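A.B. asks: The listed protein sequences derive, respectively, from chains L and S. Residue numbers for the first sequence follow our numbering, beginning at 1 and rising by one. Residue numbers for the second sequence follow our numbering, beginning at 1 and rising by one.
Be aware that one or more of the hints could be misleading.
[Claimed, not checked] Reference listing, derived: stretches of chain L covered by chain S, where coverage requires no fewer than 3 residues with Cβ under 8 Å from a Cβ of chain S:
| no. | region |
| --- | --- |
| 1 | 84–93 |
| 2 | 109–120 |
[To be verified] So, partial list: chain L residues that the calculated Cβ filter (under 7 Å) puts toward chain S:
| no. | residue |
| --- | --- |
| 3 | N51 |
| 4 | L53 |
| 5 | Q101 |
| 6 | N103 |
| 7 | F105 |
| 8 | V135 |
Note that these hints are calculated values from the structure, not bench results. On a predicted model such as this, the values are computed, not experimentally measured, just so you know. Just so it is clear, CB atoms sit at the ideal spot from N, CA and C, and this is done for glycine as well.
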Amino acid sequence: MNEVLRLEGLTKSYGNVPVLKGVDLTVRRGETVCLIGASGSGKSTLLRCVNFLGYPTSGRIFLEGKLVGREITDRSGTKLVKYREAELCSVRAHVGMVFQQFNLFPHMTAEENVMIAPIKIRGLTKSQARDLAAVHLGKVGILEKARSYPGQLSGGQQQRVAIARALAMEPAIMLFDEATSALDPELVGEVLLAMRQLAQDGTTMLVVTHELGFAYNVAHRVAFLHEGTIHEEGAPEEVLVKPRKPRTQDFLRGHTTFRMPEPEL
Amino acid sequence: MTYHWDFGFLLQLGPLLFQGLVNTVKLWAVALVCGLAIGLVVGVFRTSPSRTLRVIGTFYVETIRNTPGLVQLIWIFYALPILTGMQSSPWIAAVVSLSIYAGAYSAEIYRAGIASVELGQWEAAKALGFGFINQMRYVVLPQALTRMVPAFGNRAIELAKATTLASTIAFGELLHTAKTIAEDQYRPLETYTALTLLFTAVLLPLSYAIIQLEKRLGRKGTLHRE
Chain L
1 MNEVLRLEGL TKSYGNVPVL KGVDLTVRRG ETVCLIGASG SGKSTLLRCV
51 NFLGYPTSGR IFLEGKLVGR EITDRSGTKL VKYREAELCS VRAHVGMVFQ
101 QFNLFPHMTA EENVMIAPIK IRGLTKSQAR DLAAVHLGKV GILEKARSYP
151 GQLSGGQQQR VAIARALAME PAIMLFDEAT SALDPELVGE VLLAMRQLAQ
201 DGTTMLVVTH ELGFAYNVAH RVAFLHEGTI HEEGAPEEVL VKPRKPRTQD
251 FLRGHTTFRM PEPEL
Chain S
1 MTYHWDFGFL LQLGPLLFQG LVNTVKLWAV ALVCGLAIGL VVGVFRTSPS
51 RTLRVIGTFY VETIRNTPGL VQLIWIFYAL PILTGMQSSP WIAAVVSLSI
101 YAGAYSAEIY RAGIASVELG QWEAAKALGF GFINQMRYVV LPQALTRMVP
151 AFGNRAIELA KATTLASTIA FGELLHTAKT IAEDQYRPLE TYTALTLLFT
201 AVLLPLSYAI IQLEKRLGRK GTLHRE
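Sequences are here, hints too, so could you generate the full structure?
C.D. replies: Quick look at the structure:
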């Protein structure tokens, strides 16, 4: 099974306002897919549907080849997917999520933040979980801060702890929801570097980002989301350098207004 | 006419007053513990995703908050036995009544404390795979509880004063003891003055401790460890 995540015809509306209008997307094992697009295009909504922090209005989500939920046909003959909360908990435990605002638990040390879910959900012992935390905190280069509380860490350090916390559940796929957007500019680099390392280690990742440089250098595929659908999708060079669709070109032009001068040789 | 103050007789009746104080403290402590426990359950109901639980919680809180504590006590002592056929002692009636009373107010403190925890904390716990109860238990409540401490302190003082309601059903707490002494000795002025001083002496240190605690938590900027 090479395919970790497949979305089929995913839609999501808030009341009468459609945000996602039928998204099809596949993420294969070991692949990093970057979702780009303007604010309000539905990137975060899409990501939040994947681990059911928001419920899709219609469409199907397959995790490691298995349909999440149970498909039923209602009286009018429309196909619906019903979700059970217990199943969604187990889905969420298999999908790692990194938030824009980090959302570390402030009453726990960095290490405890990483340990809590493996202990309470995966049933690890305390010492197993501590070893696991050391591995993942080490992976994102922040092992020396294991005993610090989130309030004692910089934004970049907090976000790296948050990444370790998600990794410790050994998820099938990692979701990043604008993981660097809340950071001071000088702290963005350390987080992107950690994410790049994960991608190179073969972690399956779906990344919502405004960092086009990251998307270009790290992603295997880039999907440009526009008005609730995937407007253009392909290899980074295709989508970011030679976009075919006018909307993608407009979006990219907006991003490159202030280009740094090339150094003179 | 000048009134001739005489507190001397109270010294001899010291043991009696002390028994009243012991009963007051006992009632206060038991009702506080039960009230906090009831409040936790109801407070969690009030923030639960289940509509039924929220309705039950709201009904309880609004019923209790909008009736006088004295009426509740009298209802439980005089009316409830008619319904159930079981006569309860003043002690049981006072404990039950004050626990229900304290439960409603502390439920509101829990609810407000829980609501003060950022949505992102719930989501982060949820995203790790925790269900509602465990999101509450491991992530939300530990943060909310520290924020609730000052409010609980105030509730504890309120409840200590509310124990005097039990004098109306002849439970031998401080006010009831004082009433007995005052009538027996024909000296209400000295007796009730002494009662006032006694309450102040017991509650003032508690109030002061709460103010200090609030200051300490306030100085930290936020109430959790940072």
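A.B. asks: So which of those numbered hints doesn't the model satisfy?
C.D. replies: 8
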